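Undergrad: Protein chains in written order, with my numbering: chain A, -10 to 650; chain B, 814 to 935.
The set of hints was computed from the structure by calculation and includes no laboratory data. These figures come from a predicted structure and were not determined experimentally. Do not rely on the hints blindly, as some may be mistaken.
With a straight-line Cα cutoff of 27 Å, these simulated DSS-like cross-link-like pairs (lysine-lysine) come out [to be verified]: (1) A:LYS460 - B:LYS815; (2) A:LYS(-4) - A:LYS39; (3) A:LYS585 - A:LYS422; (4) A:LYS98 - A:LYS(-4); (5) B:LYS815 - A:LYS458; (6) A:LYS252 - A:LYS198.
Computed far set for chain B versus chain A, every beta-carbon distance over 10 Å [to be verified]: (7) THR876; (8) ASN884; (9) ARG904; (10) ARG905; (11) ALA932.
Every residue gets a Cβ at the ideal spot worked out from N, C-alpha and C, and that includes glycine.
As a plain string of letters, each chain reads:
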Amino acid sequence: MADQPIKILLVEDNPGDVRLLQELLEEVANAPFLLTVVERLEGALHYLAKEQVDLILLDLSLPDSQGLETFTKIHDHAVAIPIVVLTGLDHETLTKQVIQAGAQDYLVKGQVDGPLLVRSMRYAIERKRTEETLRRVNDELELRVAERTAELININSQLELELEERKQIEESLRVSQTRFAGILEIANDAIISVDTHQRITLFNQGAEKIFGYSTQEVLGQPLNLLLPGRFASAHRQHVVDFTHTPGKARKMGERQEIFGRRKDGTEFPAEASISRLEVGGEQVFTAILRDISDRKQAEEALEQLGRQNELILTSVGEGLCGVDLQGKTTFVNPAAAKLLGYSVEELLGQSIEVLLPPYKTDGTAYDLTSSPLYAALRRGLIHQGMDEIFQRKNGSIFPVEYICTPIREQKEIVGVVIAFKDITERQMVERMKDEFVSVVSHELRTPLTSIHGALRMLASGLLNNQPEKGKRLLEIAVDSTDRLARLINDILDVERIESGKVTMNKKVCYTTDLMDRAADVMQAMAEKGGVTLSASAVSVPLWVDPDRIMQTLTNLLSNAIKFSPRGATVWLKAEEQGEHVLFQVKDQGRGIPQDKLESIFERFQQVDTSDARNHEGTGLGLAICRSIVQQHDGQIWVESTLGEGSTFYFTLPLARPRGKK
Amino acid sequence: MKRILVIDNEPYIQEVTQISLETVAGWEVLTAGSGQEGLVVAEREQPDAILLDVMMPDMDGPTTFQQLQKNPQTCQIPVILLTAKVQDSDRRRYQEMGMTATIAKPFDPLQLANQVAEALGW
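Isolated chain B, as found in the complex (with noise of 0.2 Å):
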């Protein structure tokens, strides 16, 4: 069973995206609350991937990424990031940071699983 980390400051937001992957895909869902918390939940939890929250205060999810990539313990895991910025330039952007997919927000929940399985090649 796959092992998901979303990292989103609104609660909500995170519950949705929870039960969403529960009851579509059936993952296991882990959250953090903000870039940093979720920074530390990577390293220990070792997710299979990551779903991360761009607009969010104190350390963005740009900034998250970086520092996810800075640690080795946590440069392997991939990361795609929910965005309500799905501009061209943007998506080009993210993708040469490293990320491996853009997933444009308001999302579907129904659809989320298969978008971030078929990003991830699951």
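Just chain A, with the same shape it has in the complex (with noise of 0.2 Å):
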């Protein structure tokens, strides 16, 4: 700078002070200063705008311009340039607005001097520059500043943007989180969450209704509250290995069931999944768990029902057997197969001709086609089999009895099932009942007709002129009617005691005391005969009915007496024989034949009917003693021999030391 002149523009229009600047410069002659006079505002401007200038001299009062405004239009044309406003001494107050607003500096006319003035000027333009240089690091900083708000205002924006999308997410989360809940809630398994130290930190709706547990009460506690005891260890285990496996989820108790423990302490069986998460970096098990109490008993009740049927099948009595519409057998029970001579898998798949005879009962041919079991085949009605007959697999045959049903699956027939049973005990029965009615009625007519003739002879007079007729028809009636009223009597009482209707009035009785009673009633009939009775026992006590063994006692001797001839003996003895007392009838009479030997002890079975006849039995009082024998646990037998004579034992328990039976 010190070499270069400084440019100076002064802007005055008086002269004297012009000169008098000019010569105030020519002091400083070491200050090279290259000074312009304009003496108007308007050539002020004009210089500026095409000249550069250091420095601006400038008074105030110019003739075109006054005061301050003539600052301010130089200083706007000419902003970066210093101003060294020269004003006069009682100018004080405009000094001051021309400082602020943004003169350099002042100098006041007639108490400037030449270094004065120089100082004045090198501060101004030295003031100016660092002003510039200020305005200039000034500007550059609120350049930056600016930039930088931009930065921050951009930034700004961009967090913004950010919190909405948070926001939207946050909604969104709490949305899903919401359902979650909800569905966490409804649902009627129960969820449960543990963490790795198996504490329980989630517990559902469904949990509580489960385990009867409110979630409050449970959460924290450990998942031990939910297993019964004897699992606890082995399900901690488990979740400890699955914690180990790199699967994500994975059912539970596929191989043994688990329990869950309700709050009650009552168990339950379940059915559960388990899954793993990693949430902040801890494992999370959640287990999703079915009380399948009502599953298990339906399938229990459906199982013992199967077993049940199954049972039901092979214990039935009655033969059953499934068969198709090609009349093969499905299916047969071991009752079938059975009663058919056949195992039940040789059976199996079978046609059903197997069971039908080549003929019927009445020896025509078996047509198969007209079956009633083809029918119910066909046409899917149930028939009801009354009088059929079934072949064996050795070919015999024997009378059934059957149902046939339809198997019906939806609405279509597929087969029939036939139940049947063979009936040749049945009708042995009613063969064997009829044969009794036909007896009994046959017994219980023929002293009848023997009354009622000899009556309605008596009636007629006819006999009156006959009176040894007469007496003896009389004799004929009552002895018929004492036969009649025997025969009845002993009916009644066989039917009464077989059928357990009469109660056995059982007592301890000795063998001795029945013996001699039974001996003395005998007596009289024994002497009529000519037959010794010998009586021989040791004392026994008994647990018996006395009446009813008094009665099979007489029965046994009275029959003996009636068969022996005159001058024998009749032996009755008694003798214990381990837990029994047996009783011996023997006589000496004519014996019994080998094959009649159990049949006498059948009704109306003598050994020749006209013995009834001619002994005045009625048939019955062996069939009697042994009714009343059984009813006391005993038997009753007879041995043996033609022309010898026969034995009739009994045995009767012994009374026990209790004195119950």
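Put the complex together from the two separate chains, hints included.
TA: Right, here's the structure in full:
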């Protein structure tokens, strides 16, 4: 700068002041100045527009402008140029205003000397330069601030955007969480989460319902609370194992059933699956558990029903065969196989024809297609066969009663079930019953015929002149009446004893007492028949109905006496044999044929039916004896040799020490 | 005087029948206690008619009748069956077998002689 002259624009209309200032500048010779003078504001502005100056010396009072206005106009046109204002003495206020408006300095006319002027100008230039630098720095700073601000605004809007997004995410999270919570709560299954320490962290409403605990009760509690004691450690191990397996979820209790424990201590079977989640670096286990008590019960009931059905099928006495539409057996129960003489396996898949005999009972050939079984198959009718015959494996036939029921599946007939039973025995019983009724009616009618006939004759008066015949008819009538009465009593007796309607009035009796009384009763009859009665017995206590045993003994003795020839002996004996007493009634009569030894104990089965008439028996005595003995848990039988005699045996239980049977 | 053989295993019925026929009709009555005995008596005595009981042990009425028919000495003797079974089917069966008549038991002893005479056309 020292080398370059300082270009000064002096704006001054007063030539005296111009001169003064030129002189002052010249005083300071070492200072190179280039001074340009203009008198008017307009000229100054014009000059400034063209020329570069380093400093303006400005008089505020110009011909075309006055005061502060002069300064501001110049300053506006040359902001970067330092201005030193030249003022008069009295212009203090104006001076302050000009300094405030941006003038670098002011000089009071008349008080200016050379050095002051130079110093003021240099100072003004320096100050302006500093100001300019400051201003530039300031401008730069402002620019940076503006840039930074813009940046900040940008960041801010980005942040706002992010915030908005985040809000949306949070909202959707909240919705999802609400939805999840809702699902958790409405689920019927128990949903339970535990942390790695097996403490319960989640317990939904389903779990509350199943386990009976409230969520508050179990949160933070160990999972063991919900497990039966015996499973707790095993379960813990499972969870630990699961922790180390790679999968995220798995089903529990696939191999073994798992059980839960309710608040009230009861256990229940459950089905569960478990999943593992990593949350914040920690593992969370969530089990979904379902109470399967009802299902188990249903399964068990079904299984039991199956077993029951199976049991019924296999244990039922009736034969059961399932037959398909082709007439082949589809199932066979053991009873059916047994009745037909096959094994179940042999019968399965066989044509139903194997059970049907080649001929009917009347000898005509069996027409299979006309069989009611086929009709049931074809038409789906329930058919009941009352009098049919089936054929066994060995070709023998047996009478059956069956019911044939169609099996329908979705309204279609798929086959039939034949339930049948062998009625051989029943038919035999029925025949026996018929025979018995026939025999009984004959037995009853016989004395009735005699009574009726005798009394009719007597009543007619035809025999008034034949008193002998009349008397004989009366005897016949009386005897027949006795017989009829005995018969009726015996029939009723045997019936009632056999059916158990008569209770044996049991008490402790001694063998000797019973035998003595029986011998006494029969003594007269024995004497009349010329038969000796010999009784011998050990005195043993019995637990029996004494009247009924007397009835048995007198019956047997009476038979023995009846069939003994005059001069013979009838023996009555009793001896102890283990738990029983064995009675024997032995005669020397004609004996009983071998083939009748059993049947004589049946009703109306005398060896010779004429015996009944000849010996006043009813044909029921031995049947009654057998019934009485059987009611005492004893046995009765006979041993006999034709022409030598018979021995009837029966056993009776000994009285036990405690006096009960 | 007619001679009648009564075959019945029931002694009292036999006796009542005998007294009835003797008293009411004045016939001579022979008796037999079984079918077997009846065959013997019938052949030996040659009665005018036989009253035969159906239900007898050992040899029942129809069997006895068949035996009587087989024997030329007895086959011409008319046989009247005394039976408790009076169903038409039985009656027809017996008639088909060749029996003269069937009289139901229990019979009226005052009417029996008449029934027999009527059946035999006496």
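Undergrad: What hint numbers does the structure not satisfy?
TA: none
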